[in-house]
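Given chain A's structure and the hints, the job is docking chain B onto it.
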Amino acid sequence: MTTPASTAIHGMAGNGDVAVRTTQLRKTFGSIVAVEGLDLEIHRGEVFGLLGPNGSGKTTTIRMLCGLLEPTGGNATVVGVDVARDPEGVRQRIGYMSQRYGLYDDLTVAENMRFYASMYGLRGVRRQTRVEALLDDLGLRPRRSQLAGTLSGGWKQRLALACATSHQPDMLFLDEPTAGVDPASRRLFWQWIYRLARGGTTVLVTTHYMDEAERCERLGFLTRGHLVALGTVEEISRAFGQPSIEDVFIELQRRDEGHVATSGWEIDGQPAEQP
Amino acid sequence: MLERLRGSPLWPMLWKELVQMRRDRFTLGMLIGIPAIQLLLFGFAIRMEVRHLPAVVLDESRSAESRALTQAMQNTGNFDIVGHVADREELRRAIERGDARAALVIPPDFETDLKRRRPARAQVIIDAADPLASQAAISAAALASAARNAALSAGASRQAGRLDVRVRPWYNPALESAIYIVPGVIGLILTLTLSSITSMSIVREREGGTLEQLIVTPITRVGLMLGKILPFALVGYVQVTVILLLGRFVFDVPLRGSLMLLYVVTAPFIMASLALGLFISTAVRTQVQGLQLSFLVILPSVLLSGFMFPREAMPVAAQWVGGAIPLTYYLRILRGILLKGTAFDAIWRDVLSLCVFAVILIALSATRFRKSLD
Chain A
606 MTTPASTAIH GMAGNGDVAV RTTQLRKTFG SIVAVEGLDL EIHRGEVFGL
656 LGPNGSGKTT TIRMLCGLLE PTGGNATVVG VDVARDPEGV RQRIGYMSQR
706 YGLYDDLTVA ENMRFYASMY GLRGVRRQTR VEALLDDLGL RPRRSQLAGT
756 LSGGWKQRLA LACATSHQPD MLFLDEPTAG VDPASRRLFW QWIYRLARGG
806 TTVLVTTHYM DEAERCERLG FLTRGHLVAL GTVEEISRAF GQPSIEDVFI
856 ELQRRDEGHV ATSGWEIDGQ PAEQP
Chain B
6 MLERLRGSPL WPMLWKELVQ MRRDRFTLGM LIGIPAIQLL LFGFAIRMEV
56 RHLPAVVLDE SRSAESRALT QAMQNTGNFD IVGHVADREE LRRAIERGDA
106 RAALVIPPDF ETDLKRRRPA RAQVIIDAAD PLASQAAISA AALASAARNA
156 ALSAGASRQA GRLDVRVRPW YNPALESAIY IVPGVIGLIL TLTLSSITSM
206 SIVREREGGT LEQLIVTPIT RVGLMLGKIL PFALVGYVQV TVILLLGRFV
256 FDVPLRGSLM LLYVVTAPFI MASLALGLFI STAVRTQVQG LQLSFLVILP
306 SVLLSGFMFP REAMPVAAQW VGGAIPLTYY LRILRGILLK GTAFDAIWRD
356 VLSLCVFAVI LIALSATRFR KSLD
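First to last, the sequence lines map onto chains A and B.
With our numbering as the guide, the letters of the first sequence map in order to residues 606 to 880.
With our numbering as the guide, the letters of the second sequence map in order to residues 6 to 379.
It is possible that some hints are incorrect.
[Unchecked claim] Computed, partial: chain B to chain A, Cβ under 7 Å:
no.: 1; residue: LYS21
no.: 2; residue: GLU217
no.: 3; residue: ILE220
The hints are simulated quantities; they were obtained by calculation from the structure and are not laboratory data.
Ideal placement from N, C-alpha and C gives every residue a C-beta, glycine not left out.
So here's chain B without its partners, still in its complex pose:
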């Protein structure tokens, strides 16, 4: 048995792929550079959105207190006060046109309430069509009101009136409660780059004339598939590491769970992504076709995996399609471990799903592969 393992053609396949990878410095550089660049682009674009959200003010109080609250909002850095509006109707139009993504509404009796030591109410209206932006707005509004409260209670007695800033997220009242996008980007970039590498690999052997040479050797179909996949699993781990480091130090993505666990459960996701690309490569004849078919996978990965929109809000049919995408499961795992500090017992179902994906896709590729030569 051991002797058979030693003599298995899988090892020379792995060796060959690694030598080729090492020779092709450009591609290797791209494989590691592209995720870094993509994450920075995605990440900073997101950041720009979160900071400097254009906001209008409907100040019906026109008092020192209302101006102080407006200033406190401005100071959070999340809002840029772009103008004042006269009434609710004008406010609505400003948000509908997109001139403003948020509005601060201060009612006429704001200062009076404060002076009479009654809770003073103000409202922040948010265009929550973009859940990430609105998330930032909500926390900024809370921050501003807390800051004003602290300033007020410092100058007055304990019974000083409390500031009560209520947030009204418009258009998307069922707001998700954590910053989900950066972990999402990690998963998306991984699946895109890994499946595109392998979708090229078999086609490249076919176009180079080496595929038929490989087939006449005694390597098994599964051995061939694994030989094509495993070296890139290494690349996948390098990518994960680069993205995680960038996420941690550039975007302050928290790591609340176990890093070890994250690395272990990433393996089935990497394998599933690679196997998906492999499956594509067995189904097509040219690299162009491979690219076209990849788009068929990329689009649902972006739209239906929960990367951009919460799956809970999707129609059942869309949820089903999303359930057939490896990224869907990995996103839950990533968000769980990074943001919530989830342990294995809460994510094992998703991990199992990814393992099933990997096994099925490799088996399907191996089955399809033989037929495609005919």
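Here chain A stands alone, though its shape is the one from the complex:
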């Protein structure tokens, strides 16, 4: 029992400004490698974007950091706690908003908020104050008695954010939070993200919208489970000799497809069959 605790304290003391650190993080599903050799450091209070095409390992990475999936290898600390050793210790301090929002369609807006706040141990007056504040902050008050299942995409997104942050977590994970949401709602959403970050919350967000990627302070590019680029928007664009982050994305995807073709040929390994 003493070992994980002391490790955690040591981790905190040594890296006070690091919210997430992974070393050689790896996840396989059977013979499929989802994430491989991931080394990542996210600073406290940072808005960090994880980019990559579909199936590149973004969601798997987030799920490992939240303790939803057990890493196959390597290790990860979140807010100074080792996720594999003490997943419960991490949970109280993180918020997670999944692609599917995780709302109960047959509960109202206020009921969803109250439920998730209670799950994190908020009770009585504290819970009530928090729910009321979030209703105002996110403009959800007019919808408070509406069933979540009848909300449109933008409202669901707001509600999901309210639920994920009801316990004021140190670290917030957002997995493609703005998929299927109109531009006005997305802009509003990002304002809240920045407000949370200014308040000291670290945010890790995955996306494949380029305008969103450009809003992040730092970015990591994942392709086929590998981290292929890391840095600010300018740093990455310069490193790849591309004018914009979108061009980098397309360039990476082009290389990636080349890689698929090459490796496919290598795996077949039968040049004799070539005419």
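Here is chain B on its own, set in the frame of chain A:
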């Protein structure tokens, strides 16, 4: 400690499940309506069998007395005399074909014996392949002979000849001695509905995308499992009450033991049934798979628990399988309390078995649950 209990995520889980249950009026209605409908269907089907059992008569006496006995049998309402047969061979064929489920055999010297004040013998043959039907036939035969005896002794002196109707249950001589089926239906319906509700519940959270959201909260695995189960325990008790009331007032199921005891010992059975469904739901990915796996449980529940066939008559292997089904133990408890007025000291082993089932299944579900996300 108290503070920790108060802040436990179990309470919001319970609250949420109850709110959802209240919103889903249709399902809630089904949960209470289906057991009632099933019991009525089962119950009346059984009743139809017991009444109007087709019977043939082999009357070798051809006398006023033999006709009076035949009429007395008919009057019980349990038999419909569908025809007369000429000999034993014809009688055998009628029962084998299923044209008749019972036969009344009156020997040639029936009336003579009565007149000479010797015991007059008649025989009732029963197709006992269906123990319930045969049970009704036996009691009806006894009733008919008693009625005739009363009529005879009223008109004659005390030494009047006694009527002796012997019953021969065919095909299943080791006949069970009480009406077991209705208490059985109570247990069967409970286990089927309760395990199917929970087998859907985790899968529903998974399909709705809320499961991963729940997992990132600080709730423990056991807390999550209990939160899913406990609200439905309430539903289980409503079901028990509905079925018991129907059983009592529609089917005259006796309650010879303590109602209080019945309610208390029903708790571990409800928990075990719910936990069984929960276990199924952790093992499957879709609701269809859950349904398929449920059948694997339903069939042995019907066949091996003693619901239809006495366990004593089963091969040892079947008895072992039956021993792994919660319903087996609950049936003994139900029949004991309802029919025999059994007290706790006679059923505590079965109650303990049910508790063990519940604990093991919840623990297994909690263990399996974490792995299933990977």
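Discussion item. If you test the structure against every hint from before, which numbers come out violated?
Written reply: none
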